[in-house]
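Chains as they are written, first to last, in my numbering: chain A, 5 to 262; chain B, 1313 to 1495; chain C, 1313 to 1495.
Simulated from the structure, these hints should not be mistaken for laboratory data.
It is possible that some hints are incorrect.
[As the list claims (entries may be wrong)] Calculated from the model, a selection of chain B residues having no Cβ within reach of chain C, i.e. all distances over 12 Å:
| hint | residue |
| --- | --- |
| 1 | Pro1336 |
| 2 | Asp1351 |
| 3 | Ser1354 |
| 4 | Arg1366 |
| 5 | Gly1367 |
| 6 | Gly1374 |
| 7 | Asn1375 |
| 8 | His1387 |
| 9 | Arg1425 |
| 10 | Arg1447 |
| 11 | Ser1451 |
| 12 | Thr1461 |
| 13 | Asp1469 |
[What the hints assert, rightly or not] List of simulated lysine-lysine pairs, DSS-like, C-alpha gap at most 25 Å:
| hint | chain 1 | residue 1 | chain 2 | residue 2 |
| --- | --- | --- | --- | --- |
| 14 | C | Lys1344 | A | Lys153 |
| 15 | B | Lys1418 | A | Lys187 |
| 16 | B | Lys1483 | C | Lys1449 |
[To be verified] Which stretches of chain C does chain B cover? Using the computed rule of at least three CB atoms under 8 Å from a CB of chain B, they are:
| hint | region |
| --- | --- |
| 17 | 1363 to 1375 |
| 18 | 1380 to 1386 |
| 19 | 1444 to 1450 |
From a predicted model like this one, the values you see are computed outputs, not experimental measurements.
The beta carbon of each residue, even a glycine, is placed where N, CA and C say it ideally should be.
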Amino acid sequence: MDQSTEYHKDIKPALYVSLDGFEGPLDLLLTLAKNQKVDLKKLQLGILADQFLDYLRDQRYKFKLEFAGDYLVMASWLTLLKSQLIIPDDELKKEDADKINELLALRLQRLAKIRENAIWLFDRPQLFRNFFPSSLNRDERVIKEDFLKVQLADILKAYVGIVDKKNYEVPMGTKEEYLFLDKAISFIEQKVKGSEALISFPSLVKEIHALSGIEAKRCAASIFCGLLEYTKLGKIQMKQGSAFSILELAKVRNGNTV
Amino acid sequence: MELSLNQQDMERVIEALLFTSSEPLLITDLKKNLPQNVDIESIIETLQKHYETRGVNLKRVGNSIALRTAKDLDHVFVKKMVAKKTLSRAARETLAIVAYHQPVTKLEIEEIRGVSVGSGTIDILMDLEWIKFGRRKLSPGRPVTFQITDKFLDYFDLSSPEDLPGVKELKDLGLSVKKLNRY
Amino acid sequence: MELSLNQQDMERVIEALLFTSSEPLLITDLKKNLPQNVDIESIIETLQKHYETRGVNLKRVGNSIALRTAKDLDHVFVKKMVAKKTLSRAARETLAIVAYHQPVTKLEIEEIRGVSVGSGTIDILMDLEWIKFGRRKLSPGRPVTFQITDKFLDYFDLSSPEDLPGVKELKDLGLSVKKLNRY
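Model the full assembly from the supplied sequences, consistent with the hints where possible.
Listed below in structure tokens is the structure:
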């Protein structure tokens, strides 16, 4: 483990196995494949599998195998692959083997390509090495002002800091996203109590939406359910003139609609 | 120095050197970058003429020369920002809480931070127009809430508040608060 | 801004701003210093042409522009070179993956490299301001993505991500190649 991993130990270090300088099984495979000196598309998977397993065998005492899950998964795949390449008795399995072969070749090609690109990138002319920025920004006639320099990462780290300090996950989204049914019912109750006239359904939705900031369609759903509940209790009656017309509610008193 | 430099190349060398220096450069020092026996005065004169009508001018200061912005463009630099300062920890934390929990009341911010939030902190963030008042909360006293502004999103190059990574994601990325010590 | 600025004045304003900034300036920010409805692109083009043959050149880097010394003059600055800490291979490759596959998630980076991204790698690239958060991916879990910045382009002398060679080739190799262990 390198020092930076050590440094962040308390934050669940990412599994990072360095096997004699190799960064993961793909890296090792790519190096082995390159030793075959063939086009990556025409990989000799049998040979590659043997080399990979031999390598792991050699390294057996140099690292703790239980930390090297990735390597073992790769090893088991290569073993399976090789066995299927040797005894292709089953057509279906042969197809599977071809597919895995192809995928593996593709992944290796991709890694090889990214590596080339990384090298290309860092071989490019670079700022402060091949070309330079201006240093003319100290002109005395410039009117000076405070310039705030904050990066997003600073803000994010501040947040992680608070959460860490409290040692628990601060619940995300304390903002209410839903209008809970009990709230909807108590809201309806309150409105009905204070009004003798008919109340329209859209007006209820509009009001609770404005008050709570909860999405209007969520308010509508909750209010509607609340109305059904409340009607069932016999406290109100709902009326609708015709299909798709506005739904209205009226208070029920002594069994009679007001 | 190569002897193959022509007149234009020599102008370019001087130009680049002046560009990368905040201090006026001694003519005798500049000369070291040119072939011997070159008449540096004539090069300076050519450059001076070239820059006479441009946004920056070549100025002589004693035995040195320097590039300086043209005097008549002073007004452009009114907004020029020079002194760098950063937000206080309280302000960073408050801002983060508003971003992650909006709309959030002052009391809630204090609960999450575990310390009270000075009104100065809120003021700073308000002045920056990074936070604004949101809807009043449906709780006793109907306290005001705070939320982040488009200006905040714009400054941090976010297209929506949802683009902020979650706590778990942050930790997975290894963005650790320990590193805050550097700030 | 005053409306009395003529074409040359506008060039001079942009010039002065560029000459006095060590960092690339967003074209949208520069525009704020000019009268409305001015075609800033034509001004940039004129300036770019003007500086083409000079000791400093005008460069486009993503949505920003910057003045930088001409590359062929690097020998003049040898003495100024500061030994820069080299990045780890993991960081270099992660950077290349972000540049080539942006916007890209942490999982995708790990899939390409075949190892998990060590904590600190993303942090370093963020601190350098070479990568930043992009939009969340519209895939399960809506993971955050990373993309490169104008500063990255500036540092590596690129004017846009399209300047990277072999982007198409790499895209053809696919990003979402299924993991082997799904078989």
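(message) For each hint given before, does the structure comply? Return the numbers of the non-compliant ones in rising order.
(response) 4, 5, 8 and 13
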